[in-house]
Amino acid sequence: MSLNYLTSSVVLHTALTASAKFVLGQKPAEHDSFGDRVLPRELSDFLARLRLLEGVPFTYLVPDAELMPLESIRFFYIDRAWTDAIVQGALSVGTISTADHTQLETVYPAVRQELDEAERSVRVKGHETAPQGPARTITGFLLRSRAVSGWPGMHVRAYREELGVADDAQIPETDPRRLKMLRLERLAPAVLLALFDGVPAVVHVEEPRQGIQFGFRPPDPPDPDPNHHVGLVPPRKISDGTEVFGPTQDDHWVRVAFRSGAPGVVNLRTTRNRLQAVNQTGMGPTVDSAEFAIQMLRYPYRQVFGDPDQQQGPPPAIGAVFQPKVGMAALKDLFLRGQGQ
Amino acid sequence: MPAPGFFNLYPAVVPGITAGNYKLRLTEDVQFKKGGETGTGNVEAYEPRLRVTSARYHMPPDQILSTFPPANAEGAFGARLPQVVLKRRTLPWERVPGPPLAGHTEREPWLALVVLAEGEAKLSTEVEIAECVTPGKTLTGPADVPRGLYLEVTDSIVKKVFPSREDLPLLVHVREVDKSDTELALGDDDGWMAVVMANRFPQPSVTQTEGGSVTSPTRYLACLINLEQQLDALPPADPDVDDFFIAADKVFDYRGQYLATFGPPEPDTYAMSASRFGRPVNPLTGLAMTDAEAEAAGLTITSRVTDAQLTAKVEPLSATWQVAAAAGSLARAKTGLGEEPYIAVRDAMSAGWRFPIDAIARLETRYRFPVLAHWSFTTTDGATFEELMLGLDVGLLGTLPAEEDVPEGAPPPPPRPRPLPEVTETGHVGLDHLIRRGDRTAAWYRGPLSPHVTERDTAREDGSFPVAHASDHLRRVTPDGREDLSYAAAFEIGRLLALSQPSVVAAQLRWRAEQYGAERAKRLASGAFGDVLGGIADHVHARDLGRFLGGRLVDELAVRPGDLLGPRRPVVDPGRPIADLGTGQLDTVLARGLGLDLARIREQAAQVGVVGAVAAHPLPVANLDQGPVLSGAHLNQLRLAAELDVGRAAALAVSGVAAETARQPDALDDLLGDLS
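Line order of the protein sequences matches chains A and B. Each residue of the first sequence is one higher than the last, beginning at 1 in the working numbering. Each residue of the second sequence is one higher than the last, beginning at 1001 in the working numbering.
Mixed in with the good hints, there may be bad ones.
Capping the alpha-carbon separation at 27 angstroms, the derived lysine-lysine pairs in BS3-like fashion look like this [what the hints assert, rightly or not]:
| id | chain 1 | residue 1 | chain 2 | residue 2 |
| --- | --- | --- | --- | --- |
| 1 | A | K180 | B | K1179 |
| 2 | B | K1137 | B | K1159 |
| 3 | B | K1250 | B | K1159 |
| 4 | B | K1087 | B | K1179 |
| 5 | B | K1179 | A | K237 |
| 6 | B | K1023 | B | K1137 |
It is worth saying that the hints were derived from the structure and are not from the lab.
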């Protein structure tokens, strides 16, 4: 056995062994290094939020109010070049010398890749995992409506393909076709911004479910006298809550009885007797409160946006859109004439 | 338990016993037999008292899971029944409201949700619970709170808007949901909840004018009331049946009538509240009522402070407080003394129901119902969610509002206040542009929201991307000669947003400094180790490597000190073996050790004794002055022997280290050794 004491070769050997172990998977603690990342967490958070347009003034999003008329919804794609430009603008802070420029250009590909992933984890709740992989197209919509101010907390869901079920079908929250919501925020009391990670085929906007609600439906077509209010209730089977006569309004729907002289006050006894007269509901000789509640249920309304027939063509070429008004030819002409005089 | 997204409904969950005081009586009969003798023992009865509690005058906030419409909401609720969802499923049946209706056996709920428009009833401020029921009625049994609210309402209003007694059970049911379904369970712990519905669709008020009817938003107050002992007040089953209702019908507006009688309120006088002087305050004017007014309002002034008393009582606040409190509930509403801010806010919210109804409806029968919970909301005329959604103008961003169709012969529509913007198919919008030189021109702009998929910069061949800097401009010239400022604007707003947050600026500067430092350390490491570490340095952050190597080196030294630092020196050196110690004579050993001639000493000792012989014996003394005693071949021999010893010692030490890990001989080894 050789006796090698603390010599330079021993130190180097130990160092190399340790380095090999380090490269093979032993990493230093997370808190004092960036790990694999180039950007520190605080910066990537800020830049990812910037990419999702947080803090960007509304006039930068919609430059003219006529683009967002009252009671309208406007769908859009996010212009990745625009969001790259805003990130570059933010990164230009403190980039002073040419050396800074060179350094920024060197790290920028890594920064861009990291932000592609970070922007998806901004709105990740505790139990979810952010989707990985290269960044996809971000789409979304702006909704300007009284529905935004009057029904806070409405549900917005987007699916990447047609669901193939009825528009009012129940779809589990964890449906794999559901697109991840990147941002859902009220920018103004009546303006809602939603961003999706991907291109949706169907978007659902649903009335907030503040518990289960009870009520009637107005007749369709409405009563010609605006002061003359009639309420209709579709009789439901008490076993499963399905409408006896189908979901569309017809003559079999039961009219709600009202107490005379008091607008809106229900005459429950008469209404109950009328509901009881409908045979197919499965209610017994007496109607109890649970059976009555099933008849009065009103499900939250869901608006479905999407049309399988509508195909998005390729974007038009820029030259086909901008009608030349003072093109180069005109400028040249002007210039030459001006020189000739 | 129902599946998520589904729920079961039950008509009632009636508890075994209702709220109240109970006495449990436990008796025991003991019979004994001893020999042929039998007898009975006498055991004292066990009589514990217990109280079953339940809400009575106040609903604990945790029992209310949700209300619809939400408190202070504004919207078109005209086709929805207000409701409140209670956490404990048995709550509506935990009290007996009164004797059952003839021909009915089921327990009636003691709770009802009534919905009242502004001016239809009066909601009190906090009073003693004894005042919370109609005068003449008393609710026996324990109360949950000392003070509560009540709703004072006239008989005619009750007849018009309260549910009839037969309706009551229909309005309360129990719902069972999957408690993991967050949307339906509302945070409930067991998935069972009681639902109390109202019987009135809250309508916006409609006023008929010559030009047609005008609909105005109306505030409603939803009150969860206690019906104990007062079921008789409810209207009888109504025979009048309408298939429709007229929205312009009025129930009754006592408040409007009060205002018309006593005039509009004067807000300035609130601060100069007179209630502390012991007089009832007109809640609309904030002024102390005159005697005549008070009489007109049907009030009896319970405590009249004379001027003499006033001077005595003005000073200490507590004294004034007592005076004000004595002046009755009406006066307390505006005293401003001891009122918590939230009470003031709550009062403001229910202002439409805070008026002296007794001043107007003097001749009518009035009832008081304890209010367990209340909230207000506003019903507007307007589209429902469904109508709004169906009426939306749908399009990609950049779609302009459609021109209105003008029928032939109709007057042309009024001109737009401003012209429609110039929008291209790509989503660019033409905007006015004030350039740096001060010229006014036009430019194109498109925000981040585009009606089409856009191209994103792709990497160059070497993997890098074009990165814009503050000195670049991202303007583009479009074929029509105007500039496209979209990306320039994006760059600039990004720059401004970053600059607006000092923490972001600091983070960037720190990031740069650390990256430079790391790069420098990397270069240094590769220079020092050259090719050896070059491969590793590519995989490792050089900044971390140096520190990491140092740490690992110390680790390795600690784990294998024998290899790297040399063998460990034993704590105690073994003694040199002494020959003949066990067998030889002691004097032989001593004599050899001291260099004495034993035979000669023995010989002389026979003559002069041992001491004399040793004293006479010459001691061998080395003469140090004459240099090394040993030299030549003798010395070489010694040196050889010494080297052998050192080598042996070293080998011993090394084998000692190895032996640390070697197996110690055990009992089996001993046995084998004995056998062989």
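Verification of the supplied hints:
1. A:K180 x B:K1179: With Cα atoms ~25 angstroms apart, A:K180 and B:K1179 stay inside 27 angstroms; holds.
2. B:K1137 x B:K1159: Holds. B:K1137 to B:K1159 sits at ~20 angstroms (cutoff 27 angstroms).
3. B:K1250 x B:K1159: 14 angstroms, holds
4. B:K1087 x B:K1179: Holds, at about 12 angstroms.
5. B:K1179 x A:K237: 25 angstroms, holds
6. B:K1023 x B:K1137: 26 angstroms, holds
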